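Chemist: As a plain string of letters, each chain reads:
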Amino acid sequence: MSTDATTIVVFLLIVAITLGITVWASRRNKDASQHYVAGGEIKGWQNGLALTGDYLSAATFLGYTGLIAVAGFSAFYLMIGATVGLLIMLLLIAEPLRNLGRYTIGDALTSRFNAKGVRAAAALTTVAISIPYLITQLVGAGSLFELLMGVDYAVAVIVIGVLIAIYITAGGMVAATWIQIVKAVLLISAFLVITLLVLSRFGFNPFAVFNEASATLGGGALTPPHGTLEGLGWMSFALALFLGVPGLPHVLIRFFTVPDAQAARSSLAVMIWISVLAIATIPIIGYGAALLVGQDAIAEAGEGGNLAVPLLSEILGGPVLFAYVSAITFATILAVMAGLVIAASGAFAHDLYNQVIRNGEASEREQLRAGRIAAALIVILSLLLSLGLQNVNIAILVAVPLVIAASANTPVILLLLYWKGFTTTGAVVGMLTGLVASLGLVLLGPTVMGENAIFPLPNPALVSVPLGFLGCYLGTVLSGSRAREERERGRQVSYNEIHVRYNTGISSIEEELEGARVREGSRT
Amino acid sequence: MERDDRSIADERSLTERSAPVREGVGSRSSDWERVERTSAFEELARKKRAFIVPVVILFTVFFLGWPALGGFTTLLDGQAIGAMTWAYVYGFAQLATTLVLLHLYTRQAARWDGLARRAREEAAEGGTGA
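Line by line, the protein sequences are chains E and D. Just so it is clear: in the first sequence, position 478 is 463 by our numbering, and no numbers are missing. Take any residue in the second sequence, count from 1 to its spot, add 602: that is its number in our numbering.
Hints were generated in silico from the structure; no laboratory data involved. Keep in mind that the hints are not guaranteed to be accurate.
Some chain D residues close to chain E (C-beta under 7 Å, calculated; not the full set) [stated by the list, open to error]:
(1) 635
(2) 656
(3) 658
Fair warning: this is a prediction, and the values are worked out from it, not measured in the lab. The C-beta atom is built at its ideal place from N, Cα and C for all residues, glycine as well.
Isolated chain D (complex conformation) (with noise of 0.2 Å):
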């Protein structure tokens, strides 16, 4: 089912792009639902929400918690490489992780695209996967 459709999915994007985008109400709700309904649109939306969803949390509480060892008590004010304190450590620390959850994420949604487009072709040909 992993055609390569590069083109053709180029294709589609150029005619996306010149149609308006419409405001407001217009299109049948259930002409979407076919597209949300195909398995590959649910597998989609479920991995979509297995990755970001614990790794939102992840990086929110890890930052949160910097400002807030660092404020309310003196954990990280011990010199860890030199001079260099354990505040400045968790702050770079982050930069890493952001690059790491960075790969991470942008690995991940190379495969979802692959996903999304086989969910327009299932809703094309009329089957709801099922």
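This is chain E alone, in the form it adopts within the complex (with noise of 0.2 Å):
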């Protein structure tokens, strides 16, 4: 595959769009408010595609399909798996979080425990996700440009790196919300298109490209792996999807960009309507990349079925196709990228900055910089780490953001709103056990020790999700001071508050009860 001139073009379109953007955001862009969350006036619809831009990344459309290729059915656990997790979020999480939040996951912890222990710990599982997460990416698209275009490994990840910093530093939230947008329709289209196209192949039903890819991969591709081991690792993967997609930081920051919990509601419903759709066209584009492209050549081109997608649409629709898919590809990545991006540096510059250094007496315009040279230097990080990384086998980066997110955030975040009796204790403990135990039980597996495993299950999500919980239980009931003890040392803040302001929205209820008595009398 050569570099072809409709390639590059499409390429230069997309940093054209994305930098028009980003031009138009930084004149919005002048506080924290702007920075972290948009100023809060996303509307539903719109955080609706920007979260399906989140939720549809480079990993969905090319790492999934890729999968179902060359190793057929199991893939799908997953994928169902972070598609009925959003249930999680929707009835759970997003609406009461959005009402207790306001730039971070720290915040929401904090807005019930007074402790700035609770804020650096949500910080630490905040970082611990997206760092890897970002490396991941960075990583992934340097080899991805590196096979489809022959662009040096390196300048392709020096220039993705600085696209992102450019869209972050001076963009902020209002730009990556705009760019995950207009992705987001970009990869829309892109999964109608090559689904029409597969389907064109197959008389437009179906069943029979299920049928097809019995027939020639053989009936094992449709069914899943069996076996004790077997049967436990893809619960593991299928439970770190389920608990993990609900507990990512740069996925639940996008509840504080809109005004309240019914456009939170309403973007939820967006995405999941979406997100479910394009799951479902996944088996399809999957079988049919292997029964066109063939399941060799997928396996040849690239590690774990990568460049499935982009093979098959080259077939499907000549060089336009694959130039467009490819060019999607790279949008996606800058796009998950910059929402990443935005979720570490508030946990560097809101949370451990500005409230655990500065006790939250940081001026707006310090606040703003901070945010800036926070998200610069996590770019310039994960870069080099990216460039020292290129041939070291980063599948163990891949494995824990999402461990570690169910382990260590989704644990905390339920039990914040939902148990009266948890304390602050409990909350630091349950985040760092979760935490501990998804990156130990990751070293000690097989993704890092191959055959001399100590731990047996490659994602350990069945044992560190319980264990996240079990932090939270025993150091609530361990560490001597009952929440009613902390709540009269001020250490937490009423149950009643937080039961009260996560279900109505109110934030300050001397105004709330002002407020409306000014207004019945002005009424009468």
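Work from the hints to combine the two standalone chains into their complex.
Modeler: Quick look at the structure:
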């Protein structure tokens, strides 16, 4: 595959559009609230598309389709896990969290717990999730463009890093949101076009794709893998997606960009509809690639079948569709990274610098500057690590973010909202336990240690998620200071306050009661 | 009691957004309790629980049962529609239930919004709703 003129033109077009958005956004990006959450002024449907953009990452578009193509059924567990996990987000987390939080997960947790340790722990898990995620995106992008276009790995990584740094330091969350929206629309169009083109080869009968796959690839391509270890392994993987997606910081902070709980709800409705439809097409695209490109050709072209979709698009639509798909992959990586950088910069600049070090006393100007500097530093750090890791197996970095989100973030967020007796110690112990268990078990597992693995499962969620909950529980009951005592000492606010706030969206009770009285008076 | 207070509600959400979000302790707990004890809020909390708890248990069990059945048994290996296996049908069924639950939830939640509004009014009027 040589670099084609069409490909270059489409790539430059993507760069031009995203930079145009950044210039427009930079005029609005004047304070910390704009930088982190676009001033809370994003509309529900816009946030819905941006969330879809976060959800349908390169991993979904290239990774899952490729896995279906080369390994058959099992990737379907992961996709469905991530989709059903959105119900956890919808029913239990999104609206309450939007009512409690401001810029970061740390803000939401400290709306109840008046303790720097809780905020620092939340910042730590956010960084532990976002930085490996960023590195995998960069390393993936570098290798992909080396393969697709013959661009040097280092050049590709540096160009992408510089672009992200420009988007975020200049345009903040406003730019990140609109880049994500544009990318989501492009990606949806690609799903649609490729699915229709695949189906056109099978008489527009989706079942014919499955029949043909079974006949050509063998029935094993359509059945789940069996065995105790296999079964536990895939359950664990599925659980990591099911509880991990609702705990991802760069997804959760998107709910702080909308004005109220109703908008958070409608944005999730948009996201769930689009995601369900997109996920439903992935087996068709995956088996389509296996049948039309061939499993061997896909496996040869790139590890894990990552290049199945680009190869398929070349067969279906020639160099034009190939260029289009490559450019969309590029846009996808840019957009997802932009969201990750915002989340990580919030953890560094807002949680650690402004709240923990400066006691929340930094001026608006200082906060915005800190946010921008943090974003630039995060990009530089990820860039350097990615350049160093070119020839290292980064499978561990791919495995950890979702496990940490499922084991360290989701338990604490759920208990924050629904357990009256939860304490600050419980929250800190829970987050640290989830984090250490996730990292430790991945390190002891087959991903890192290969055949000598001490822990048998590649994805440890089945063990680390219960450990995360257990950490929250034991930290609470063994700390010696119960929730009631913490309330008396001012370490946490009353549960009545949290309960009312997350259910109604009231943020200041005095103003609420006072303001309502004034309105009552003026009405009569 | 179900007045259309949309415009007033919008006004409120605007004033709240511009108000700084307080960190840590500050407000008196009794004021929050006043809202919590209104009959509308109690109804809101009860209805939410009655809907959300069983639904979450249901789809969690439905979901985790899938890799369990798929990995530990051969029940899902049989072909259901053409060559499409039961494992796939189970997976696609979860996509369908996700959309159904989304629809049911948004319908319920729209009613709960009315209760939350009423709770705020009742609290402002100073009544406990009893």
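Chemist: None of the hints should be skipped; say for each whether it holds.
Modeler: Here's how the hints hold up against the structure:
1. 635: holds, 5 Å
2. 656: Not OK, violated: residue 656 (chain D) not within 7 Å of chain E, min 11 Å.
3. 658: holds, 6 Å
Consistency note: the structure conflicts with earlier hint 2 alone.
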